Amino acid sequence: NAGVTQTPKFRVLKTGQSMTLLCAQDMNHEYMYWYRQDPGMGLRLIHYSVGEGTTAKGEVPDGYNVSRLKKQNFLLGLESAAPSQTSVYFCASTYQGPIRTGKTGELFFGEGSRLTVL
Amino acid sequence: GQQVMQIPQYQHVQEGEDFTTYCNSSTTLSNIQWYKQRPGGHPVFLIQLVKSGEVKKQKRLTFQFGEAKKNSSLHITATQTTDVGTYFCAGLNSGGSNYKLTFGKGTLLTVNP
Numbered sequence: 021n022a023g024v025t026q027t028p029k030f031r032v033l034k035t036g037q038s039m040t041l042l043c044a045q046d047m048n049h050e051y052m053y054w055y056r057q058d059p060g061m062g063l064r065l066i067h068y069s070v071g072e073g074t075t076a077k078g079e080v081p082d083g084y085n086v087s088r089l090k091k092q093n094f095l096l097g098l099e100s101a102a103p104s105q106t107s108v109y110f111c112a113s114t115y116q117g118p119i120r121t122g123k124t125g126e127l128f129f130g131e132g133s134r135l136t137v138l
Numbered sequence: 007g008q009q010v011m012q013i014p015q016y017q018h019v020q021e022g023e024d025f026t027t028y029c030n031s032s033t034t035l036s037n038i039q040w041y042k043q044r045p046g047g048h049p050v051f052l053i054q055l056v057k058s059g060e061v062k063k064q065k066r067l068t069f070q071f072g073e074a075k076k077n078s079s080l081h082i083t084a085t086q087t088t089d090v091g092t093y094f095c096a097g098l099n100s101g102g103s104n105y106k107l108t109f110g111k112g113t114l115l116t117v118n119p
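Note that the protein sequences, when read in sequence, are chains A and B. The working numbering numbers the first residue of the first sequence as 21 and each following residue consecutively. The working numbering numbers the first residue of the second sequence as 7 and each following residue consecutively.
Simulated from the structure, these hints should not be mistaken for lab results. Just so you know, these numbers come straight off a predicted model, no measurement behind them. Any given hint could be a false lead.
Straight-line alpha carbon distances no greater than 20 Å define the calculated PhoX-like cross-link-like pairs of lysine-lysine that follow [as the list claims (entries may be wrong)]: (1) B:LYS65 - B:LYS42; (2) B:LYS76 - A:LYS91; (3) A:LYS77 - A:LYS90; (4) A:LYS91 - A:LYS77; (5) B:LYS106 - A:LYS77; (6) B:LYS63 - B:LYS106.
A few chain B residues that don't get close to chain A, going by computed Cβ distances all over 10 Å [unchecked claim]: (7) ILE13; (8) GLN15; (9) TYR28; (10) ASN30; (11) THR33; (12) GLN70; (13) GLN86; (14) LYS111.
Ideal Cβ placement from N, Cα and C applies to all residues, glycine included.
Can you make the complete structure from the sequences, with help from the hints?
Following this line, the structure appears as structure tokens:
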């Protein structure tokens, strides 16, 4: 199993350009997440999905869109990139209802995508 | 909204010294998880605590969950250079309906050999 795979791993954009980050997981997880990580800010949730065809906003959703057309894939889009979106982006996935099912509910993270917007 | 505060932000120790990072939530948590991120890497799950007052050990690491389920700590005994990295706590709000963890800002541990 590959776990959680993110593509691309690195990207440089100019202000105003658009791009899509792809996250793929092969663990049949229901829940998927997109976080951004900036120095001193920890991990901040952008958007998340609790199942195929569903998406929801996290803490910092502005400037981003997401889609979950297939259970194994979660796409993060930047329609018009801004320098403030320079960051490392992490995708993560987990089981559904960890407390009630007794499963651990740990997040499995991808290796990250480093995005620079000039 | 829920806030999870983590201190200290940075900690530098000599190899062999102990290390502790603390996590405090503004609300009662259902559970708390701890992750480790090596420099240049991605967060990796360490452990989950669910019960009030729970204490779990993993070799030199000791994790505690407070009686009120609003705070937690990670203690490393006799640090080694392999312990270097950022340690994050992440809490699940007990009043939440979806599985959405709130992460602390992390504690960066550096170890001088």
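Here is how each hint holds up against the structure:
no.	hint	result
1	B:LYS65 - B:LYS42	15 Å, holds
2	B:LYS76 - A:LYS91	34 Å, violated
3	A:LYS77 - A:LYS90	18 Å, holds
4	A:LYS91 - A:LYS77	18 Å, holds
5	B:LYS106 - A:LYS77	11 Å, holds
6	B:LYS63 - B:LYS106	25 Å, violated
7	ILE13	12 Å, holds
8	GLN15	7 Å, violated
9	TYR28	15 Å, holds
10	ASN30	14 Å, holds
11	THR33	15 Å, holds
12	GLN70	18 Å, holds
13	GLN86	23 Å, holds
14	LYS111	4 Å, violated
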